[in-house]
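Asker: So you can see what is in the structure, the chains are spelled out below.
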Amino acid sequence: VAGERTLELIIDTVPAMVWSAEPDGSADFFNQHYLGYVGRAWDQMNGQGWTAAVHPDDLAGLGAAWARIMASGAPGEAEARLRRHDGAYRWFLFRTSPLRDAGGSITKWYGVNTDIEDRKRVEVELQRAYDSFADAQRLSQTGNFTADIAVDEHIWSEELYRIFEIDPSTTITVQAVRDVIHPDDLAAFDADFARSLGGIDFDQVFRIVPPSGTVKHVHAVGHLIERVAGRPLFIGAIQDVTARVVAEEALDRSRSELAHVARATTLSALTASIAHELNQPLSGIVTNASTCLRMLDGEPPDIDGARETARRTLRDGDRAATVITTLRDLFRRKAFALEALDLNDATREVLSLSSADLQRQRIVVHTELAPDLPIIAGDRGQLQQVVQNLVRNAVDAMAAIDDRPRNLSILTEREDDDRVRLSVRDAGEGVDPEAVDRLFGAFFTTKAAGMGIGLFVSRSIIERHGGRLWVEPNDDGPGTTFSFSIPRTAAPVGDAIATPRSS
Amino acid sequence: VTGQLPLVSIVDDDVSVRESLPDLLRQLGYAAEAFPSAEAFLASDRADDTRCLLLDLTMPGMSGPALQEELTRRRQGIPIVYITASDDATVRARLIARGAVDCLFKPFSEATLLEALDLALRTPPA
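Residue numbers (my numbering), protein chains in the order written: chain A, 1 to 503; chain B, 1 to 126.
The hints are simulated quantities; they were obtained by calculation from the structure and are not laboratory data. Incorrect hints may have been included.
As the list claims (entries may be wrong) - Residues of chain B clear of chain A, computed beta-carbon distances all greater than 10 Å:
| no. | residue |
| --- | --- |
| 1 | Ser37 |
| 2 | Gly61 |
| 3 | Glu70 |
| 4 | Ala85 |
| 5 | Asp87 |
| 6 | Ile96 |
| 7 | Ser109 |
To be verified - Taking beta-carbon pairs under 10 Å as the criterion, some of the chain B residues facing chain A (in silico):
| no. | residue |
| --- | --- |
| 8 | Arg26 |
| 9 | Leu28 |
| 10 | Asp48 |
| 11 | Asp88 |
| 12 | Pro107 |
| 13 | Leu121 |
Stated by the list, open to error - Pairwise CB distance ranges, derived in the manner of DEER restraints:
| no. | chain 1 | residue 1 | chain 2 | residue 2 | range |
| --- | --- | --- | --- | --- | --- |
| 14 | B | Ser63 | A | Thr325 | 26 to 36 Å |
| 15 | A | Glu349 | B | Gly61 | 56 to 66 Å |
| 16 | A | Ala191 | B | Glu69 | 54 to 64 Å |
| 17 | B | Pro6 | A | Trp470 | 31 to 41 Å |
| 18 | A | Arg253 | B | Ser63 | 35 to 45 Å |
| 19 | A | Ala321 | B | Leu28 | 27 to 37 Å |
| 20 | B | Asp118 | A | Ala321 | 28 to 38 Å |
| 21 | B | Thr72 | A | Ala321 | 51 to 61 Å |
| 22 | A | Ala321 | B | Ser63 | 20 to 30 Å |
| 23 | B | Ala93 | A | Asp402 | 47 to 57 Å |
| 24 | A | Asp297 | B | Pro6 | 41 to 51 Å |
A virtual CB, placed ideally from N, CA and C, is assigned to each residue, including glycine.
Required output: the full structure, derived from the provided sequences and hints.
Answerer: Okay, structure coming up:
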């Protein structure tokens, strides 16, 4: 009939591969589109012949799926590659449904194959992209997140779960994250997080204490986006920077230890070693002279012995002279270089050089640098050494302070018309000769006027600038203030040679 | 004859001291022997005979106080008078607190030396 003819036309013309099979699975029909696509005649495809067009790698899987579908008697689907007439393989989705008779027995299987090559390719690309994304996250120890702030919903990357050591099945909340943050860093985190919800980018390094108990340093960056009005999303990345932070801390420590050693081996250490070097031959001279006198006073006098000790006395005198010559050479190289300088600038430079140290010691630095501070004439390097010494002392003085902020204030001001003053104020326990002993004792036992070596050097530098350095207890709280005052135009003392002076 | 005179041993890395001090001590009526290091003194057999040790504080290798400790460990309680080129009253007080008879700052006079030796020789072995 015409209806059947029309149906046949439709089936052969639709842009799909249509087929049917007997209840036992042997194929008995392929539409023209199918036959044309694979470039085979019906009698080549009949029965199990069609399997010759299936990619050899997919054949076993497709066969198994087909057997499963037939056994179940229910509609089903499977994926496999089919070879086109030109030899190219493309992925197809095979879908089939059974036709049943009145008694419920399957009389036929009908099927349609759809080309899914493009989808399949996208899937593979996506998987590859995801794999390399995960690799990159893993390698850089960086995880990323999206947080829907309004409903406290969070999407975390695998690596982020790994960094926080949280099971990926756990529901993440802001509170759950806060629970892991180191208690000492929580306040700063909360403050910055609150600010970031106001639109300021979040960028902070803080510590977390994951379940393993091993503290990690993480660097988190994030910012707010608003794709849907009133529904802010917070997106960002968190990197585990523990290794870097630990290495930096070690570097800072060795740097500041080095500075400490360098400071201890300055002028006053030199003074002590001068005394030491001179006292040795002097001791010989005094002893030899005593011996000489005794030998001459003997009965009878020991002239030969006296002559020998006198000779030794001369030799010791020469040794002392050599010490002096060496020192003079040493000092000659240490010229006093005056230049026009802005003490505020010099101070800022010292603070920026010390910033890592200050941060590590949890020092809160306040600066009040007078904007109208006149330019002075001074030795920049030496004055910076003084400021650094004072800062260092202030930091040391607050090392044991835990019950109040470790406040360090640096103040510069114009004094009268022709002097500038700089003060360094700490919130430590105050000046205690015992504490000074501890600060400097590790390097040198010699004290100048009960102050440490650094202070002794500082004072001699300030005095060479025609100024003075003093210390006073804070009158409105615990701690000490060290100050120096120098004239705008330094009047270097003496012959501009680094002579240690006692006040 | 020397055997009868009390032996004063000197341990000092400074050659001026080693050259000058033994002669003066002999003039003062003591037997004297000088050693350039703590190790050299320990290696010699003179510790048993030494009635007083004039000991330098800082030396390369074993320091004065380290030698003092070692001697205490060996139960050789020799009275010790430190001699140092660094003038530091705190160090002196600490050394005396730890059992030294005295600590002389170089250069020291003959009278100061005699006083310290007198005191040392009156000190019963620890």
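Asker: Compare the structure with each hint and give your call.
Answerer: Now for the hints, and whether the structure bears them out:
The beta carbon of B/Ser37 sits about 16 Å from the closest Cβ of chain A, which is more than 10 Å, so the claim that it is off the interface holds. Here B/Gly61 stays apart from chain A, with its beta-carbon at least about 17 Å from theirs, past the 10 Å limit. Even its closest Cβ contact with chain A, about 22 Å, leaves B/Glu70 beyond 10 Å, as expected for a residue assigned away from the interface. At the 10 Å boundary, the C-beta of B/Ala85 falls inside the reach of chain A, the nearest C-beta of that chain being 4 Å off.
Under the 10 Å C-beta cut-off, the non-interface status given to B/Asp87 relative to chain A is violated; the minimum distance is some 7 Å. The claim that B/Ile96 is not at the interface with chain A holds, since no C-beta of that chain comes within 10 Å of its own (minimum 15 Å). Separation of B/Ser109 from chain A is inadequate, the least Cβ-Cβ distance of about 7 Å not exceeding the 10 Å criterion. A cut of 10 Å between beta carbons decides the hint on B/Arg26: the least distance to chain A is about 8 Å, and the hint holds.
Restraint check, B/Leu28 versus chain A: the minimum CB separation of about 8 Å is within 10 Å; hint holds. A least Cβ separation of about 26 Å between B/Asp48 and chain A goes past the 10 Å threshold, and the interface hint is therefore violated. Because the beta carbon of B/Asp88 sits about 5 Å from the nearest beta carbon in chain A, less than 10 Å, this interface hint is met. For B/Pro107, the suggested interface contact is upheld, since its CB lies about 4 Å from the closest CB of chain A, less than 10 Å.
Interface hint at B/Leu121: violated, since its Cβ lies 19 Å from the closest Cβ of chain A, which is beyond the 10 Å cut-off. The beta-carbon spacing between B/Ser63 and A/Thr325, approximately 29 Å, falls within the hinted interval of 26 to 36 Å. As the Cβ distance of A/Glu349 to B/Gly61 is approximately 43 Å, the hint placing it in 56 to 66 Å is violated. For A/Ala191 and B/Glu69, the Cβ-Cβ distance of about 55 Å falls inside the hinted range of 54 to 64 Å, so the restraint holds.
The hinted window of 31 to 41 Å between B/Pro6 and A/Trp470 is violated, with their beta carbons roughly 53 Å apart. A hinted range of 35 to 45 Å for the beta carbons of A/Arg253 and B/Ser63 is inconsistent with their spacing of about 28 Å. Take A/Ala321 and B/Leu28: their Cβ atoms lie about 29 Å apart, and the range 27 to 37 Å holds. In this structure the hint that B/Asp118 and A/Ala321 lie 28 to 38 Å apart at CB holds, the actual value being about 35 Å.
Separated by about 41 Å at the C-beta atoms, B/Thr72 and A/Ala321 break the suggested range of 51 to 61 Å. In this structure, A/Ala321 and B/Ser63 meet the distance hint of 20 to 30 Å, their C-beta atoms being roughly 29 Å apart. Separated by about 33 Å at the C-beta atoms, B/Ala93 and A/Asp402 break the suggested range of 47 to 57 Å. A beta carbon spacing of about 22 Å between A/Asp297 and B/Pro6 contradicts the range 41 to 51 Å that was offered as a hint.
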